[in-house]
Amino acid sequence: MAIMQSSVVELCPAYPDKVAKYSTEIFVSETFKIPAQKPPKEQIVNVDRKIELVDVQTVQVTLPGTPVPLQPNPGNKVFVAGNIYLGVQYSALREDQKVHFVRFQLPYQTIILNDCELLIDPADTMFTNGYVVHVCVEKEIITQIDERTISAELLLLIWVDEIA
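If you're matching positions, the sequence shown starts at 0 in numbering that gives the first Met the number 0 and goes up one per residue.
You may find that some hints are simply not true.
Below, computed lysine-lysine pairings styled on DSSO-like, alpha-carbon distance capped at 27 Å [stated by the list, open to error]:
| no. | residue 1 | residue 2 |
| --- | --- | --- |
| 1 | Lys17 | Lys37 |
| 2 | Lys97 | Lys20 |
| 3 | Lys20 | Lys138 |
| 4 | Lys97 | Lys17 |
| 5 | Lys17 | Lys32 |
| 6 | Lys76 | Lys49 |
| 7 | Lys32 | Lys138 |
| 8 | Lys76 | Lys37 |
| 9 | Lys97 | Lys49 |
| 10 | Lys138 | Lys17 |
| 11 | Lys32 | Lys76 |
| 12 | Lys97 | Lys32 |
| 13 | Lys20 | Lys37 |
Have a look at the derived ranges for each label pair, beta carbon to beta carbon [to be verified]:
| no. | residue 1 | residue 2 | range |
| --- | --- | --- | --- |
| 14 | Ile144 | Glu116 | 44 to 54 Å |
| 15 | Gln104 | Gln70 | 28 to 38 Å |
| 16 | Glu116 | Leu92 | 40 to 50 Å |
| 17 | Gln143 | Gln36 | 15 to 25 Å |
| 18 | Lys37 | Glu152 | 41 to 51 Å |
| 19 | Gln108 | Asp47 | 19 to 29 Å |
| 20 | Glu24 | Leu92 | 32 to 42 Å |
| 21 | Asn72 | Gly129 | 34 to 44 Å |
| 22 | Asp95 | Gln59 | 21 to 31 Å |
| 23 | Asp114 | Gln59 | 18 to 28 Å |
| 24 | Glu137 | Phe100 | 18 to 28 Å |
Because the hints were derived from the structure by calculation, they are not lab data. It should be emphasised that the depicted structure is a prediction, and the values quoted were computed from it without experimental measurement. Every residue, glycine too, gets a C-beta built ideally from N, C-alpha and C.
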């Protein structure tokens with residue numbers, strides 16, 4: 000079993016001089032409603048976010064049928080799952096309490112493979128030395144749809160580095 004660590008970084012990638020061993024990008028999109036007990040919003044004032052990794056696993060896969068050139072069989076995938084927590088501060092459409100805060104959760108999950116969507120060779124040293132999974136937000140768009148609805152669209156870069 001490989002030693003696995005995880006981290007969440009806001010600089011994509013965290014070490015620009017170091018090439019990621021394996022990576023993927025995913026798009027996470029969700030529309031949220033402000034709860035009925037909260038007043039409707041006039042406008043979004045501020046958005047903060049926290050990203051967490053909740054599950055990282057090496058998944059061994061054996062493919063049936065005729066061998067495919069360059070495809071390790073069996074081979075590995077790296078499964079990654081987590082949550083993005085968005086905290087939205089907004090000005091309300093009422094005068095008695097003008098500023099409010101609401102928090103939303105966006106789950107995400109993905110599989111990291113080798114180039115060309117091939118399985119990762121189980122002999123790769125990252126599976127014996129251990130690896131670190133990183134997540135960063137490359138692009139974030141938060142949109143006010145109406146006085147109770149907010150749209151969140153995030154582009155995540157998720158990559159694996161071998162522990163040296």
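Taking the numbered hints from earlier one at a time, note which ones the structure violates and give those numbers from smallest to largest.
Going through the list in order, the structure violates hints 1, 2, 4, 5, 8, 11, 13, 14, 18, 21, 22 and respects the others.
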